[in-house]
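Engineer: Fit chain A to the supplied structure of chain X, relying on the hints for placement.
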Amino acid sequence: DTAVSQTPKYLVTQMGNDKSIKCEQNLGHDTMYWYKQDSKKFLKIMFSYNNKELIINETVPNRFSPKSPDKAHLNLHINSLELGDSAVYFCASSLGGVGTDTQYFGPGTRLTVL
Amino acid sequence: AQTVTQSQPEMSVQEAETVTLSCTYDTSESDYYLFWYKQPPSRQMILVIRQEAYKQQNATENRFSVNFQKAAKSFSLKISDSQLGDAAMYFCAYRRKTGNQFYFGTGTSLTVIP
Numbered sequence: 542d543t544a545v546s547q548t549p550k551y552l553v554t555q556m557g558n559d560k561s562i563k564c565e566q567n568l569g570h571d572t573m574y575w576y577k578q579d580s581k582k583f584l585k586i587m588f589s590y591n592n593k594e595l596i597i598n599e600t601v602p603n604r605f606s607p608k609s610p611d612k613a614h615l616n617l618h619i620n621s622l623e624l625g626d627s628a629v630y631f632c633a634s635s636l637g638g639v640g641t642d643t644q645y646f647g648p649g650t651r652l653t654v655l
Numbered sequence: 011a012q013t014v015t016q017s018q019p020e021m022s023v024q025e026a027e028t029v030t031l032s033c034t035y036d037t038s039e040s041d042y043y044l045f046w047y048k049q050p051p052s053r054q055m056i057l058v059i060r061q062e063a064y065k066q067q068n069a070t071e072n073r074f075s076v077n078f079q080k081a082a083k084s085f086s087l088k089i090s091d092s093q094l095g096d097a098a099m100y101f102c103a104y105r106r107k108t109g110n111q112f113y114f115g116t117g118t119s120l121t122v123i124p
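Same order as they appear, the protein sequences are chains X and A. Residue numbers are given in the numbering used here: position 57 of the first sequence equals residue 598, and the series is strictly consecutive. Residue numbers are given in the numbering used here: position 66 of the second sequence equals residue 76, and the series is strictly consecutive.
Treat the hints with care, as some may be off.
[Unchecked claim] Here are the simulated lysine-lysine pairs, DSS-like style, with alpha carbons at most 30 Å apart:
(1) X:K550 with X:K582
(2) X:K563 with A:K107
(3) X:K550 with X:K577
(4) X:K608 with X:K560
(5) X:K581 with A:K107
(6) X:K582 with X:K608
(7) A:K65 with X:K585
(8) X:K593 with A:K83
(9) A:K88 with X:K593
(10) X:K608 with X:K577
(11) A:K107 with X:K608
(12) A:K88 with X:K577
(13) X:K577 with A:K83
(14) A:K65 with A:K80
(15) A:K88 with X:K585
(16) A:K107 with X:K585
(17) X:K560 with X:K577
(18) A:K88 with X:K582
(19) X:K550 with X:K560
(20) A:K107 with X:K612
(21) X:K563 with X:K582
(22) X:K608 with X:K581
(23) A:K83 with X:K582
(24) A:K83 with X:K581
(25) X:K560 with X:K581
(26) X:K585 with X:K560
(27) X:K560 with X:K612
(28) X:K582 with A:K80
(29) X:K612 with X:K550
(30) X:K581 with A:K88
(31) A:K80 with X:K585
(32) X:K593 with A:K80
(33) X:K582 with A:K107
(34) X:K550 with X:K608
(35) X:K581 with A:K65
(36) A:K65 with A:K83
[Claimed, not checked] So these bits of chain A aren't anywhere near chain X, every CB distance computed over 12 Å:
(37) M21
(38) S22
(39) Q24
(40) T34
To be clear, the hints were calculated from the coordinates, so they are not data collected in a lab. Idealized CB from N, CA, C, for every residue including glycine.
Here chain X stands alone, though its shape is the one from the complex (with noise of 0.2 Å):
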């Protein structure tokens, strides 16, 4: 069973358009994330959530907005898109709380915006 899902695998889409990747977690997990990964393969966080609630936010542009229905999911919605966002998207989760705490991604998003 997969612990981390995500869909689309790969998206492409125009400058412009407004765009939606979902993920999802069978872990239990109360924690989730979204990263960057960029063409340099650097892997920068974006958002975080415990529980539904918004816990770390980095400095991006208001047109990412996170959406977390319920603890299993937290999909990554994308306004207007600009060149600059392609990039690969990777979610998270991890139990949550202090202790050991390691992360499982899902596999992915390749994002294109032509």
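Structural biologist: This is chain A only, laid out in the frame that chain X set:
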């Protein structure tokens, strides 16, 4: 803010040989967690090994082991008996004991030569 540095953008190793990937980090905290993640061409981020800072014993997972030098803030990964399937990007990551944010290094691309 915590920073994680991987000073080797690329490394190569002959199959069956041993290779060590370097990672240093900056923190003022005494208790935290360190991780190595592997990202093969499939893009999936896979946990390789983790270390708790309060444990002096170096973590080991089969052919993977770490050399954790807390005073030097160094956390290197040793891969023994390298296999072709070990070829990937390797990311070092730091996590505070409290809070949910991970800090990733810029990655080291490992090539395994047959």
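Engineer: Indicate, hint by hint, whether the structure satisfies it.
Structural biologist: Hints, one by one, checked against the model:
For the suggested pair X:K550 and X:K582, the alpha carbons sit about 17 Å apart, so the restraint of at most 30 Å is met. In summary, the hint linking X:K563 to A:K107 is supported, as the alpha carbons are separated by about 29 Å, within the 30 Å threshold. The hinted pair formed by X:K550 and X:K577 meets the criterion: a straight-line CA distance of about 14 Å does not exceed 30 Å. For a cut-off of 30 Å, the pair hint linking X:K608 to X:K560 stands: about 13 Å separates their Cα positions.
Among the hinted pairs, X:K581 with A:K107 is consistent with the structure: their alpha-carbon atoms are about 29 Å apart, no more than 30 Å. Distance restraint check for X:K582 and X:K608: the Cα-Cα separation of roughly 25 Å lies within the 30 Å cut-off, and the hinted pair is therefore satisfied. Proximity of A:K65 to X:K585 is assessed by CA-CA distance (about 28 Å); at most 30 Å being required, the pair is judged to hold. Proposed proximity of X:K593 and A:K83 is contradicted: the alpha carbons are some 34 Å apart, above 30 Å.
For the proposed pair A:K88 and X:K593, the alpha carbon gap of about 38 Å is over 30 Å, so the pair is violated. Under the criterion of a C-alpha separation no larger than 30 Å, the hint pairing X:K608 with X:K577 is consistent with the structure, at around 16 Å. Proposed proximity of A:K107 and X:K608 is supported: the alpha carbons are some 26 Å apart, at most 30 Å. With a CA separation close to 27 Å, the supplied pair A:K88 and X:K577 stays within the 30 Å bound.
Using a Cα cut-off of 30 Å, the hinted pair X:K577 and A:K83 holds, with the two alpha carbons roughly 26 Å apart. Distance restraint check for A:K65 and A:K80: the Cα-Cα separation of roughly 10 Å lies within the 30 Å cut-off, and the hinted pair is therefore satisfied. Between A:K88 and X:K585 the CA atoms are separated by roughly 25 Å; this keeps the pair inside 30 Å, and the hint holds. A distance of roughly 20 Å separates the Cα atoms of A:K107 and X:K585; the hinted pair therefore holds under the 30 Å criterion.
The hinted pair formed by X:K560 and X:K577 meets the criterion: a straight-line CA distance of about 15 Å does not exceed 30 Å. Our distance criterion of 30 Å between C-alpha atoms is met by A:K88 and X:K582, whose separation comes to about 22 Å. The suggested pairing of X:K550 with X:K560 holds, with an alpha-carbon distance near 13 Å, which does not exceed 30 Å. Taking the CA atoms of A:K107 and X:K612, the gap is near 22 Å; set against the 30 Å cutoff, the hint holds.
Proposed proximity of X:K563 and X:K582 is supported: the alpha carbons are some 22 Å apart, at most 30 Å. Under the criterion of a C-alpha separation no larger than 30 Å, the hint pairing X:K608 with X:K581 is consistent with the structure, at around 27 Å. Taken as a hint, the A:K83 and X:K582 pair is honoured in the structure, with Cα atoms around 23 Å apart against an allowance of 30 Å. With a C-alpha separation of about 25 Å, the suggested pairing of A:K83 with X:K581 holds against the 30 Å cut-off.
The suggested pairing of X:K560 with X:K581 holds, with an alpha-carbon distance near 23 Å, which does not exceed 30 Å. Between X:K585 and X:K560 the CA atoms are separated by roughly 20 Å; this keeps the pair inside 30 Å, and the hint holds. Straight-line distance between C-alpha atoms of X:K560 and X:K612 comes to about 21 Å, which keeps the hinted pair within the 30 Å bound. Pair hint X:K582 plus A:K80 holds up; C-alpha atoms about 27 Å apart against a cutoff of 30 Å.
Annotation: proposed proximity of X:K612 to X:K550 holds, straight-line Cα distance about 21 Å (limit 30 Å). Straight-line distance between C-alpha atoms of X:K581 and A:K88 comes to about 24 Å, which keeps the hinted pair within the 30 Å bound. Distance hint between A:K80 and X:K585 is fulfilled; the C-alpha atoms sit about 25 Å from each other, no more than 30 Å. Distance hint between X:K593 and A:K80 is unfulfilled; the C-alpha atoms sit about 35 Å from each other, more than 30 Å.
At most 30 Å may separate the alpha-carbon atoms for a hinted pair to count; X:K582 and A:K107 meet this at roughly 26 Å. This hinted pair checks out: X:K550 and X:K608 have alpha carbons roughly 19 Å apart, not beyond 30 Å. Under the criterion of a C-alpha separation no larger than 30 Å, the hint pairing X:K581 with A:K65 is inconsistent with the structure, at around 33 Å. Between A:K65 and A:K83 the alpha-carbon distance is near 14 Å, which keeps this suggested pair within the 30 Å criterion.
A cut-off of 12 Å between C-beta atoms confirms that A:M21 is not in contact with chain X; the least separation is 14 Å. For A:S22, the non-interface assignment is confirmed: its Cβ lies about 17 Å from the closest Cβ of chain X, beyond the 12 Å cut-off. For A:Q24, the condition that its CB be more than 12 Å from all CB atoms of chain X holds, with the nearest at approximately 24 Å. Interface exclusion of A:T34 from chain X stands, the closest Cβ pair being 17 Å apart, more than 12 Å.
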